[in-house]
Every structure is written in C-alpha cells, then in structure tokens.
Amino acid sequence: MIDAILNYTFMQNALFAALMASIVTGIIGTIAIEKKLISMSGGIAHASFGGIGFGYLVGFEPIWGGLVFAIGSSVLISKISKNSKMKADTMTGILWSFGMALGILFISLAPGYMPDMTSYLFGDILSVSSGSLIYMALFTVIILVVFIMLFNHLIIYLFDENYAKARGINTKLLEWLVYIMIPIGIMVLIKIVGIILTIALMTIPVSIAKLLCKSIKQVIWVSMLLSAVFSLAGLTIAYYVNIPSGVCIILLSTVVYLILLAVKRRIQKRLHDQRVHGAK
Amino acid sequence: MTGNTAIKFDNIRFCYDEVCAINNVNFTVPIKSITALIGPNGGGKSTLLKILSGLLHPDEGEFLIHDDFKIGYVSQFTDFDLSFPMTVMEMVLLGTLCRNIRPFCKYTKSQKEKANDSLKKVGLEGYGGRGINQLSGGELKRAVIARAIASDADIIVLDEPDSSLDVEAAADLYRVLRTIKEDRTILIASHHLDEVLDIADKVLYVNSKVETYTSAEEIKEKLGDGIFI
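Protein sequence lines correspond, in order, to chains A and B.
Just so we're aligned, residue 1 is where the first sequence starts under the working numbering, counting upward by one.
Just so we're aligned, residue 1001 is where the second sequence starts under the working numbering, counting upward by one.
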C-alpha cells in the first residue's frame, strides 16, 4: 500500500482527496447537523446531478455545472421556505428528484455512448484526477478560511439564532454563508463517496464525535480525524478488493458508529444504576 | 432617549397575519427597576418582549431605548438544542461576542473573566467546563441569565424564565434576579404572581392592550383585598 502511494500518482491523488474530504466533513458536517440541514444537504447533492449532466451535454467540466446547480438549489430552498408557506422539506424533495431527472435527461441527450456515471453516484477515490484535486483544494481552502475567520459568529448562529438576532448580529449574512458553504463542501465529498452517499459522510463522523466530545471545537477536530481514518481505510480496502471506495467508507463508519453508540448507552446505564443503588 | 426612562413604548401595534397580539400599547419603564409583565396566555407578553429584543418589528408605533443601553434576551423556551456540543463557559462567552461580523473575532482574557464573574453571580461558579446538557433546568436558566449579564446588558428581558422549573429551582432563579437588580433594568414575564410580585417594582397587566400599569405594592394590596386585577 505504501509502495503504491509512493509510486502511483492516482494513489497520491486519492490520499490528498481523502484528507481534503476530512476537513470538509468536520466543518460542513457539523454545520449541517447542528443547523438541522442534513436532508436539505441530501437534496442539494442530488440536485447537483442536473448540473453534472449539463456539463456532459455542453462539454465543460461537469463539477462546475454541479456546483452551480447545488448553490442554486440551496439558495432556492432557503428563499422559498422563508418567503412562502411551502416547507423547506417539501422544496428539498422536489429539487432532489428534479435534479436527478434533469441529469439523466442531459446525459441521454449527449451524443455518443452514455458515459459511466457510477463515480459521481457512488464515488471513486481512486479515480480522482490531478485536475479534480485542484478544484477540491480550492473549495476546501474557501470553506476552511471562511470557517476559521468567522468561527465564533458561525457558532452563535448555529447554536442560538434568535439570541444572535437579539444581540444585533447580522444573522442573514451568516445564513447566506452557510447556504453557500454547504453546496461547496458537497462538491468536494461527491468525488469521494458520490452523490448518493454524501449525506452519510457528512453525518456519521460528526455523530461519532458527538458521542465522545462535549465542546464544538472538539467535535470538529475529532470528526475530521475520524473522517480521515475512514477515508484511508476505505481507500485501502478499495485498493485491495475491487469495490467502490464510497461503499467501504460508509459501511465501515456506520459499523463503528453503531458499536460506539451501544457502548455509550451501556456505560450510561451502568452509571445510572450505580447512582440509583448508591442512593438507596 | 435620555433621563430616567429606560424604555418607552409609544402606541405599539403588532399583528400575526389577521390576529393582532397587541394594539395601542403605551408605557415607560424607569431605569434600574424591575417590571413584571403579567396577563393571560396569548395576551401579548411574549410579543412585547420580542419587539423590545428586536426579534419582531411593530406594525405601528415606535419604542425607544435609553441611549447606549444594550438588551440581553432570555427566551421563553430554550431556543437552542441541548444536544449541541457546548460547555457552559462557551455558551456564556457568546454573550460577549462582538456584534459586528469581522474576521478573527476571538475572546480576550477580560471577556473570559467577565464570563467567569457572570457565572459566579448566578451561583454557577465551577460549572464552566460542564456540557450544557449536564445542567438541570434551573441551572440552565441561570446559565442563560449569566450570558445576558456577561453581555453587559443594561436591560435584561426574561420571558417566563420560571416556566417548567420546580419550586426550589424557581426560588434560586428569583434569588439571582434579586442580586442583579441593583444595577440593571429588568422586564420579566411570568405567571407566578407570588414570586414575581416579591421582586417587582412595577406591574404591567397586558391583555392585547395595557389593562393596568401600576406599582407592585398596589397590586399586592388589591390581591390581599381579594380583588382580581
């Protein structure tokens, strides 16, 4: 494995991609979970397929089309749910399937054989090109810089938006930033685990970190670390066994989450029993 | 606005779609006083406090606040998710966060000291490192008040802070309010008349409009004489 990383460019690309995805997971996953935007994120990821298909049809890098569709969907969900009686959840559902349908339509209209879209749907960390690495790095840096610069303001917005408003903090600006950062982050993760499994990578490492930590900074660091471990483990499995990397990453992280959840419940029950018996 | 008046409501009206929660509301609140807002559910107490906190904008009328006075808002229900990974200290520090969004707005040593002092004032010294989900309901309410104190708020607005608290926790909460009333203007909405009348200077009875606005002593006398307000 180490030989492969040293000798093959595709393995080096995969390693860098995994590390960038870990940074994005820690930040965007935490934001989406704490602001309860996970289902919206799923909708955005699927809606981006429309843009990816459009890229194929017109002949430009599909990921840029995906990004435009993802940001457009995010802004639309936010605007419509705020300014009409339609719930964000309903709008998410509509854009979710609309984007997928549009993507399939565009791809089927493209001349020649229909391309293999499995890497966009299920991710393929081993097929990350040097070109893809550049835009992934660009997106990761944007997210990282904005998050570090505005950390405390983003936290007050995520934690208690009403209090932030009452304090006179511009929550509208923070909302805009969040609704643009999420689709940008999703475009990084799509290359690793694909459109269908993106929500899992955004959710599971952060959920595991929340079982272990009590401060938001710790959650972000631990989820980045976990995401890196899962991505590298997925990469290793995908290298030796010929199955999609996204599938390995998600199955592995889900199993770890379920085990830790069971262990934590058991510990809490034991502590509770000790307190009850101690009091008697 | 200057002088001895902290807040002035002038002919305020606010409607949720077709239903007007408050209409033609006029009153002034003196500096460094405690005003209790009482009245039936749906009478407009929370709406008034939300307008004062800037969360709602009145359809008509205006409210004035004493020059440079800052407001600390303690909401009726806990607005935040208790599963949010946050320590008590981190939550109180949010009260000291700069209002203008600018890069790298970090907490200074003096802000951390202020947060510690606020925790001391509400009887939560040593609780800073705990997760907010490890606090009882009463402790959490006091931590939220500590956040308002840490924000250097001159006016503290509390919307039914004693709801869902047991007798002992509510008594602790009122003890804290008594200790901070010396140098702040406090508005508190509550259904617990006995406790709130004990600390209030003035009482505002709201039922869509101001029905009564008088001293707490007068209300106590009326209640003592068996007169329903």
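If you are wondering where the hints come from, they were derived from the structure by calculation, not from laboratory data.
Check the hints yourself; a few may be wrong.
Okay, the calculated beta carbon distance ranges per label pair [to be verified]:
{"no.": "1", "chain 1": "A", "residue 1": "TRP64", "chain 2": "B", "residue 2": "LEU1056", "range": "29 to 35 angstroms"}
{"no.": "2", "chain 1": "A", "residue 1": "MET149", "chain 2": "B", "residue 2": "GLN1076", "range": "41 to 47 angstroms"}
{"no.": "3", "chain 1": "B", "residue 1": "ASP1081", "chain 2": "A", "residue 2": "SER129", "range": "49 to 55 angstroms"}
{"no.": "4", "chain 1": "A", "residue 1": "SER127", "chain 2": "B", "residue 2": "SER1136", "range": "33 to 39 angstroms"}
{"no.": "5", "chain 1": "A", "residue 1": "LEU225", "chain 2": "B", "residue 2": "ARG1099", "range": "56 to 62 angstroms"}
{"no.": "6", "chain 1": "B", "residue 1": "GLU1060", "chain 2": "A", "residue 2": "ILE134", "range": "55 to 61 angstroms"}
{"no.": "7", "chain 1": "B", "residue 1": "SER1163", "chain 2": "A", "residue 2": "ASP273", "range": "17 to 23 angstroms"}
{"no.": "8", "chain 1": "A", "residue 1": "PHE16", "chain 2": "B", "residue 2": "ASN1041", "range": "56 to 62 angstroms"}
{"no.": "9", "chain 1": "A", "residue 1": "THR254", "chain 2": "B", "residue 2": "GLY1137", "range": "50 to 56 angstroms"}
{"no.": "10", "chain 1": "B", "residue 1": "ASP1183", "chain 2": "A", "residue 2": "LEU258", "range": "32 to 38 angstroms"}
{"no.": "11", "chain 1": "A", "residue 1": "ASP273", "chain 2": "B", "residue 2": "LYS1070", "range": "43 to 49 angstroms"}
{"no.": "12", "chain 1": "A", "residue 1": "LEU258", "chain 2": "B", "residue 2": "PRO1030", "range": "57 to 63 angstroms"}
In this text, all values refer to a predicted model and were calculated from it rather than measured experimentally.
Note that the Cβ used here is the ideal one computed from N, Cα and C, for glycine as well.
Taking the hints in turn, this is what the structure says about them:
1. For the pair TRP64(A) and LEU1056(B), the supplied restraint of 29 to 35 angstroms is violated, since their beta-carbon distance comes to about 42 angstroms.
2. A hinted range of 41 to 47 angstroms for the beta carbons of MET149(A) and GLN1076(B) is inconsistent with their spacing of about 34 angstroms.
3. The hinted range of 49 to 55 angstroms is not satisfied by ASP1081(B) and SER129(A), whose Cβ atoms lie roughly 40 angstroms apart.
4. Judged by the Cβ atoms, the range 33 to 39 angstroms given for SER127(A) and SER1136(B) is violated: they are separated by roughly 53 angstroms.
5. The given range of 56 to 62 angstroms is broken by LEU225(A) and ARG1099(B), whose C-beta atoms sit roughly 34 angstroms from each other.
6. With their beta carbons about 56 angstroms apart, GLU1060(B) and ILE134(A) fall inside the hinted range of 55 to 61 angstroms.
7. The hint said 17 to 23 angstroms for the Cβ distance between SER1163(B) and ASP273(A), and at roughly 32 angstroms that hint is violated.
8. For PHE16(A) and ASN1041(B), the Cβ-Cβ distance of about 59 angstroms falls inside the hinted range of 56 to 62 angstroms, so the restraint holds.
9. Between THR254(A) and GLY1137(B) the beta carbon distance is about 34 angstroms. The supplied range of 50 to 56 angstroms is therefore violated.
10. For ASP1183(B) paired with LEU258(A), a C-beta distance near 53 angstroms fails the hint of 32 to 38 angstroms.
11. Here the CB-CB span from ASP273(A) to LYS1070(B) is close to 47 angstroms, well matched to the stated 43 to 49 angstroms.
12. Remark: the range hint 57 to 63 angstroms for LEU258(A) to PRO1030(B) is upheld by a beta-carbon distance near 59 angstroms.
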